[in-house]
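Build the full structure now, drawing on both the sequences and the hints.
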Amino acid sequence: MEAYFDNSATTKCYDEVKDIVMKTMMEDYGNPSAMHQKGVEAEQYIKEATERIAKTLKASEKEIYFTSGGTESNNWALMGAAMANRRAGKRIITTVIEHPAVSEPVRFLEEQGFDVVRLSVDRQGLVSMEELEQALTPETIVVSTMFVNNEIGAVEPVEAIGKLVHEKCPKALYHVDAIQAYGKYEIYPKKMNIDLMSVSGHKIHGPKGVGFLYISEKVRINPLILGGGQQKGMRSGTDNVPGIAGLGAAAQKVYGQLEANRAHLYGLKRYFAEQLQSLDEVIIHGMPVDEGAPQIINAAFLGIGSEVLLHTLEDRGIYISAGSACSTHKRSKSPTLTAIHAPKETLDCSVRFSFAEDNTKEQIDYTMTVLREVLPVLRRYRAH
Amino acid sequence: MFKAFLIKYGEIGLKGKNRHLFEDALCKQIRHALRKIEGEYLVTRDQGRIYVHCQSEYDYDETVHAIGMVFGIVGICPVFIVENTGFEDLKKDVIDYMRQVHPEANQTFKVAARRANKAYPLNSMELNCELGGVILDAFPEMKVDVHKPEIMLNVEVRQKIYIYSKVIPGLGGMPVGTNGKAMLLLSGGIDSPVAGWMIAKRGVKIDAVYFHAPPYTSERAKQKVVDLAKQVAKYSGPIYLHVVNFTDIQLYIYDKCPHDELTIIMRRYMMRIAEHFAKETGCLGLITGESIGQVASQTMQSLAATDDVSTLPVYRPVIGFDKQDIVDVSLKIDTYETSILPYEDCCTIFVAKHPVTKPNLNVIRKSERNLDEKIDALMEEAIKTTEVLVVS
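So the sequences go chain by chain: A and B.
Throughout the first sequence, residue numbering follows the numbering used here, covering 1 to 384 in sequence.
Throughout the second sequence, residue numbering follows the numbering used here, covering 1 to 392 in sequence.
In short, the hints are calculated from the structure, not lab data.
Watch out, some of these pointers could steer you wrong.
[Stated by the list, open to error] List of simulated lysine-lysine pairs, BS3-like, C-alpha gap at most 25 Å:
hint	chain 1	residue 1	chain 2	residue 2
1	A	K23	A	K12
2	A	K333	B	K92
3	A	K344	B	K353
4	B	K332	B	K8
[What the hints assert, rightly or not] Only some residues are given here: those of chain B computed to face chain A with a beta carbon under 10 Å:
hint	residue
5	T217
6	Q250
7	L251
8	Y343
Just so it is clear, the structure is predicted and the values come from calculations on it, not from any experiment.
Built from N, CA and C at the ideal position, the CB exists for glycine as well.
Shown next, in the form of structure tokens:
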């Protein structure tokens with residue numbers, strides 16, 4: 001049996017996505033900027049995708065800008081907002097559990113002279129509102145937090161954060177990295193006080209290499225990529241028609257079945273968590289099962305190196321993640337686990353299981369059978 | 001512009017009656033190296049000189065790079081070849097050559113002519129004088145210096161005339177295949193690829209063994225070793241990489257032996273398996289990347305303890321190198337970047353907090369007796385299930 005439980009790293013494309021991507025590569029392959037009919041046809045795909053996505057956010061189509069993915073969206077939001085507002089102030093507020101696609105651009109801005117405050121989180125991974133309130137000075141120009149943490153599935157109180165930011169600093173922009181949240185939650189930026197929001201295609205069964213940045217009509221940021229003036233001059237470069245069309249199809253489908261998906265994912269998560277808790281020496285990180293993100297469980301199997309468990313399970317067709325897949329080339333302790341003060345003995349032996357709608361209870365039963373078999377063997381040869 | 005390369009070789013020239021064997025091996029290696037790039041080349045050996053003739057369009061940098069990877073070459077000289085149409089034409093050709101190759105025209109120089117074609121009207125001395133004069137007339141800022149010239153202009157008169165002055169340094173060493181074969185114990189670290197490269201440089205063909213310990217080591221760790229072997233193979237020619245699944249042996253040692261001796265005992269079994277494959281494939285020695293004192297398993301006592309199980313000589317070319325020396329070589333041969341990728345190898349997984357640094361051979365042998373029950377069967381299984389990859 002195969003069980004792919006690494007859906008927070010990436011997901012399998014929907015058939016609908018595959019079909020539309022194929023069609024835009026093989027039949028309607030025009031450049032949307034071209035003046036002839038081929039160009040007009042291609043442009044239709046972009047319009048359609050924009051409409052589909054705007055609808056999921058109850059946003060205006062003018063607020064959707066396509067990018068090369070989550071990392072670019074985050075970079076653009078942070079740099080673009082900082083540059084546009086650099087005369088209004090220097091303070092940028094973020095958290096200690098951000099993905100490198102946020103924390104690295106923030107570090108870059110810090111080197112350029114911005115004043116960065118990184119909010120701590122509690123044991124569940126939640127940002128402290130008191131700390132935020134204190135950090136919000138009139139100098140603040142950007143606040144950036146995740147919606148769902150990619151490692152432990154903590155769900156930040158985004159709406160409350162946005163409200164506080166706008167009350168205390170009407171000029172500041174609130175950016176949300178919603179890469180793990182889009183497709184799992186109803187997210188209405190206007191209602192939730194979000195000015196900028198990053199989304200990635202391949203986390204919601206869309207193609208890799210595409211994503212979007214939501215930019216509220218009310219705010220202005222600088223473009224990051226200059227050139228031929230595509231997307232109203234905000235993001236130049238020939239439009240990635242196959243990617244954008246695929247992203248649109250994925251967004252439409254995932255939001256068409258949002259409630260059913262969530263129920264299914266929480267069902268799997270609850271089912272798995274209960275059984276994990278019946279095992280000895282297993283610690284589940286983060287929020288209570290029903291409060292955390294529906295797709296993510298991060299658990300420590302004490303005494304077993306996370307990579308060793310990963311490869312053991314891989315051998316049985318079970319695919320999980322040890323740390324964030326995006327940082328394979330760096331071996332360091334997870335900043336998120338360190339930030340939530342996870343017990344020291346769990347840091348080297350925590351793994352992430354992340355589900356998608358195509359996972360089944362049978363896969364979880366199979367995984368439990370394998371775990372019950374391999375854990376005692378692996379523990380016999382504990383890491384020293 | 002250059003239609004050929006003269007290959008200068010060093011130590012081979014010292015070999016007496018075996019010299020032709022070495023020269024043939026060198027030609028073979030050069031042909032092999034050139035097969036990987038575009039263009040048609042003819043490699044010839046004639047009167048103690050090896051030439052690479054470029055018989056089609058070719059990319060100069062790519063060609064020099066390819067030839068430069070061959071062990072046994074001291075220098076590569078790009079050569080101008082002109083037809084023998086009389087001395088008047090030769091004068092023009094020499095000036096033409098100087099203009100193109102040394103456009104600064106302000107160095108000291110010396111002409112070194114060789115008349116292999118005795119029918120040519122001027123002898124070597126006369127050619128030196130005449131051509132020297134021609135250059136002085138054409139380039140007033142150039143000076144003759146017969147002792148330490150900046151430019152040594154070689155003119156060889158054969159059926160055609162060969163003109164060259166540039167020497168691109170080669171790697172030295174000896175052509176691979178002139179000195180037998182040895183088995184390299186290759187890990188994912190910095191040292192072992194360097195050790196393999198150094199022995200290959202002495203003309204030794206190499207094969208390799210890698211100890212894989214799934215699930216403790218990952219597919220990526222194995223791929224890393226394949227990539228390292230590939231890089232070494234660019235110099236040494238194809239490597240037969242033996243991938244041994246070592247997990248069961250490692251766990252068995254872990255179960256049965258004192259933990260502070262794990263690394264030593266594990267290394268002794270690695271040596272035994274490597275030696276098995278070495279003998280099976282006709283290798284005359286083992287190669288490791290050990291350096292005295294670098295880690296607990298590389299003290300003099302530990303090295304003696306690992307040596308104890310091998311009946312073949314164990315070559316340790318980096319034995320006296322500091323880490324930085326080894327890093328320098330790995331940078332030069334381009335294995336460093338791969339070596340530092342952070343995937344676990346099997347040596348780092350079951351390391352005791354305080355491993356023995358001065359193992360007593362008798363104690364180690366006694367501990368190994370704890371393994372008597374199953375070790376032979378496990379060794380046999382490991383050897384039987386070894387996967388052999390041809391890496392080139």
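Given pair status - B:K353, A:K344, alpha carbons within 25 Å: holds, 18 Å
Evaluation of the interface hint that places B:T217 against chain A, nearest CB under 10 Å: holds, 8 Å
Interface hint status, B:L251 versus chain A (Cβ within 10 Å): OK, holds: B:L251 within 10 Å of chain A, min 6 Å.
A:K333 paired with B:K92 [C-alpha distance capped at 25 Å]: Violated, because 70 Å separates the two Cα atoms, which is more than 25 Å.
Hinted contact B:Q250 with chain A - closest CB pair below 10 Å: This hint holds: B:Q250 lies near chain A, its Cβ roughly 9 Å from the closest one there, short of 10 Å.
Agreement of A:K23 and A:K12 with the hint, judged by alpha carbon distance not exceeding 25 Å: holds, 18 Å
Given hint B:K8 paired with B:K332 - CA-CA distance at most 25 Å: Holds, at about 21 Å.
Minimum beta-carbon distance criterion (10 Å), B:Y343 to chain A: holds, 9 Å
When held up to the earlier numbered hints, the structure conflicts with hint 2 and nothing else.
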